[in-house]
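Novice: Order-wise, the sequence lines are chains B and E. Per the working numbering, the very first residue in the first sequence carries number 1; after that it's consecutive. Per the working numbering, the very first residue in the second sequence carries number 484; after that it's consecutive.
Any given hint could be a false lead.
[To be verified] To give a feel for the contact side, a few chain B residues facing chain E, derived at Cβ under 7 Å:
(1) 152
(2) 409
(3) 413
(4) 414
(5) 416
(6) 417
(7) 431
(8) 434
(9) 435
(10) 439
(11) 441
(12) 442
(13) 453
(14) 456
[Stated by the list, open to error] Counterexamples of contact, computed for chain B against chain E with all Cβ distances above 10 Å:
(15) 44
(16) 388
(17) 452
(18) 461
Think of the hints as simulated: they come from the structure by calculation, not from any bench. No experiment lies behind these values; they were computed from the predicted model shown. Built from N, CA and C at the ideal position, the CB exists for glycine as well.
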Amino acid sequence: MTSTEKELTSLVQREYKEGFVTDIDADTLPPGLNEDVIRVISAKKDEPEFLLQWRLEAYRRWLEMKTPEWAHLHYAPIDLQDISYYSAPKQKQLLDSLDEVDPRLLETYEKLGIPVDEQKVLAGVKVAVDAVFDSVSVVTTFKKTLSEAGVIFCPLSEAVKDYPELVKQYLGSIVPASDNYYSALNSAVFSEGSFVYIPKGVRCPMELSTYFRINAMNTGQFERTLIVADEDSYVSYLEGCTAPMRDENQLHAAVVELVAMKGAEIKYSTVQNWYPGDEDGKGGIYNFVTKRGACKGEGSKISWTQVETGSAITWKYPSVLLEGDDSIGEFYSVALTNNCQQADTGTKMVHIGKNSKSTIISKGISAGRGQNSYRGLVKVLKGAENARNYSQCDSLLMGDKCGAHTFPYMEIKNPTAVVEHEATTSRIGEDQLFYCRQRGMSEEDAVSMIVNGFCKEVFKELPMEFAVEAQKLLGISLEGSVG
Amino acid sequence: MLSIKDLHATVDGKEILKGINLEVNPGEIHAIMGPNGSGKSTLASVLAGRDNYEVTSGSVTYRDQDLLDMEPEIRAREGVFLAFQYPVEIPGVTNVYLLKAAINAVLKHRGEEELDAMSFLKLIKQKAALVEMKQEFLYRSVNGGFSGGEKKRNEILQMALLEPHLSILDETDSGLDIDALKIVAHGVNALRNDQRSMILVTHYQRLLDYIVPDYVHVLAGGVIIRSGDKSLALELEEKGYGWIESQADAA
Ligand SMILES: Nc1ncnc2c1ncn2[C@@H]1O[C@H](COP(=O)(O)OP(=O)(O)OP(=O)(O)O)[C@@H](O)[C@H]1O
Ligand SMILES: [Mg+2]
Numbered sequence: 001m002t003s004t005e006k007e008l009t010s011l012v013q014r015e016y017k018e019g020f021v022t023d024i025d026a027d028t029l030p031p032g033l034n035e036d037v038i039r040v041i042s043a044k045k046d047e048p049e050f051l052l053q054w055r056l057e058a059y060r061r062w063l064e065m066k067t068p069e070w071a072h073l074h075y076a077p078i079d080l081q082d083i084s085y086y087s088a089p090k091q092k093q094l095l096d097s098l099d100e101v102d103p104r105l106l107e108t109y110e111k112l113g114i115p116v117d118e119q120k121v122l123a124g125v126k127v128a129v130d131a132v133f134d135s136v137s138v139v140t141t142f143k144k145t146l147s148e149a150g151v152i153f154c155p156l157s158e159a160v161k162d163y164p165e166l167v168k169q170y171l172g173s174i175v176p177a178s179d180n181y182y183s184a185l186n187s188a189v190f191s192e193g194s195f196v197y198i199p200k201g202v203r204c205p206m207e208l209s210t211y212f213r214i215n216a217m218n219t220g221q222f223e224r225t226l227i228v229a230d231e232d233s234y235v236s237y238l239e240g241c242t243a244p245m246r247d248e249n250q251l252h253a254a255v256v257e258l259v260a261m262k263g264a265e266i267k268y269s270t271v272q273n274w275y276p277g278d279e280d281g282k283g284g285i286y287n288f289v290t291k292r293g294a295c296k297g298e299g300s301k302i303s304w305t306q307v308e309t310g311s312a313i314t315w316k317y318p319s320v321l322l323e324g325d326d327s328i329g330e331f332y333s334v335a336l337t338n339n340c341q342q343a344d345t346g347t348k349m350v351h352i353g354k355n356s357k358s359t360i361i362s363k364g365i366s367a368g369r370g371q372n373s374y375r376g377l378v379k380v381l382k383g384a385e386n387a388r389n390y391s392q393c394d395s396l397l398m399g400d401k402c403g404a405h406t407f408p409y410m411e412i413k414n415p416t417a418v419v420e421h422e423a424t425t426s427r428i429g430e431d432q433l434f435y436c437r438q439r440g441m442s443e444e445d446a447v448s449m450i451v452n453g454f455c456k457e458v459f460k461e462l463p464m465e466f467a468v469e470a471q472k473l474l475g476i477s478l479e480g481s482v483g
Numbered sequence: 484m485l486s487i488k489d490l491h492a493t494v495d496g497k498e499i500l501k502g503i504n505l506e507v508n509p510g511e512i513h514a515i516m517g518p519n520g521s522g523k524s525t526l527a528s529v530l531a532g533r534d535n536y537e538v539t540s541g542s543v544t545y546r547d548q549d550l551l552d553m554e555p556e557i558r559a560r561e562g563v564f565l566a567f568q569y570p571v572e573i574p575g576v577t578n579v580y581l582l583k584a585a586i587n588a589v590l591k592h593r594g595e596e597e598l599d600a601m602s603f604l605k606l607i608k609q610k611a612a613l614v615e616m617k618q619e620f621l622y623r624s625v626n627g628g629f630s631g632g633e634k635k636r637n638e639i640l641q642m643a644l645l646e647p648h649l650s651i652l653d654e655t656d657s658g659l660d661i662d663a664l665k666i667v668a669h670g671v672n673a674l675r676n677d678q679r680s681m682i683l684v685t686h687y688q689r690l691l692d693y694i695v696p697d698y699v700h701v702l703a704g705g706v707i708i709r710s711g712d713k714s715l716a717l718e719l720e721e722k723g724y725g726w727i728e729s730q731a732d733a734a
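With these hints in hand, go ahead and build the complete structure from the sequences.
Specialist: Quick look at the structure:
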């Protein structure tokens, strides 16, 4: 490794500032998974019978399944009997105001920069936040403002009780429990998550956001998010996440389901910053996530934007089922792998409706010994007359010990489809850095500028307040302030 | 301004510069000519502080400071500018962004106020006009898909913006058509004053018709084998390098 490469890798080796632990009494189930554990979780959440049965059914399916092994990932298996499936900070149930929340929890969110106090705003914008701490939601802000607009935004465990019909109708309708190993596991043991319903014709008056925090040791987080946008409605939803630094690997297996009816639009953005493990690959979150949306109605639109900087392992393919005619699916992704991080991420765009359109922009950045894979499927079914897809996958390498891999798959059953795929691989060169330094920039600023230039097309899809966080995460300053 | 004394430098363990001596006073223009592979670009890289070029002995003093002791970006902020023989492309980064970052790095270093977007745009448009560069080039990625000549012109635009004390132009004239050559020369001459110095590396005396140097040096085999005034360039044009090289060998 030349000195420049060493400096380069150290530049992306920022400290993990979110790695602290909150010292709080928790109600934690002993490690292990069996039907009784599922019954306990369900009972703790005071769930209706239908949900318990749904969980048990998923559990039985899961028992027959195997871990997927097709991804370009190498890791020691997790002993699923060795982790706890439920951990909640001890506090009074059903909080009506922030005053009743344990100050140590509020402090935690304060430290993380998450506005759980309605008086505080994020980057000058009001954002409604659902703060999930281990297995429970701690607080949800702006519920009143939202309900005046008819918008439902609450923890899933609450929705199950308050809107059982909606939950029953849509839960598992996009990602069935049996979809894959991790979705089955999630369906059996999911503990918390957010539920969103936007009624017909309503434009959600503010950004909605869920912030996931893993705190407890030896626990897995299995959250589940369900967003339903009724006809001609619009919602922009943000998801963020962090975890303490711990030497052992922790499992995060989430499921996200999106439903967009005729003319509706859902914009789902993620800044994923789970603890990535240390330089030598010790510790870090295993992030196995199933995210899928269905454009059910004509002219509906679902747009996934993700900035993946954390986790030791990322296995994630936010997808769109383009069922409606003229529906639109989008996937914008930046994935950074550094040190020993590995990411296998991409998307599936399934064209079913006529004139459906999809766009895929994927930017992979690899540094250190990081391994970054793009895996994408564009599928055009027989009836999808005039389907269009454009895919662009770019890889940026820093140093010579990392890797970038691209696995684009296509299944085209309709001859009128137009599918385009472009891919590039580039390296931050010593000559580029020297050029910038000769113009007076520090090496750090030069790397930032180049990385930021590389990610520009994705960053511009993020809501403003999230774009700021994303740049900070990559340790870079925003380009585009001029011109 | 610049005082180079007995400078020796190696690249990958191979000695390329073998005892360079050069004095550049404020306001002077020095042309350096010499055969391919003689070490001209190496000298420029060493002065700019490029990694992997190791100075094994000798000294370089720049405005009363030890130049070799400074990081490349500090040299740049202190007013050393290198127009590259082969400017690199930086995909995704717009030209205007790099230019703004560069000028602000210099201003900040001097303790002056950084330019805001408005005043920067005003300034850069004025400088672009000086080198007759179309504004669309400002918004393209740095050197991305620029022709050889356009890249060279972009280097001069940066120089015009940064107004360095010492400019080193490494074959900025190579690959320029005759009109572009005049434009580049015009840009350089506009910057010329009794405080600023320049080192022009070139193979062609034709550049020196437009930018008249105070001194001409011939670099061969890692040393300066002959120095003279403008007439030396004319002589070289006529006779090639062979005659001085054999004279130098004989001496
Ligand atoms: N990394 C390297 N390893 C070995 N030799 C090198 C290396 N880099 C440069 N050189 C050699 O150093 C010598 C001087 O190169 P330099 O680029 O300074 O020449 P120049 O005078 O600028 O030539 P030109 O007129 O062709 O631009 C050449 O012989 C070149 O091959
Ligand atoms: Mg050269």
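Novice: Any of the earlier hints contradicted here, and which numbers?
Specialist: Hints 1, 2, 3, 4, 5, 6 and 17 contradicted; others consistent.
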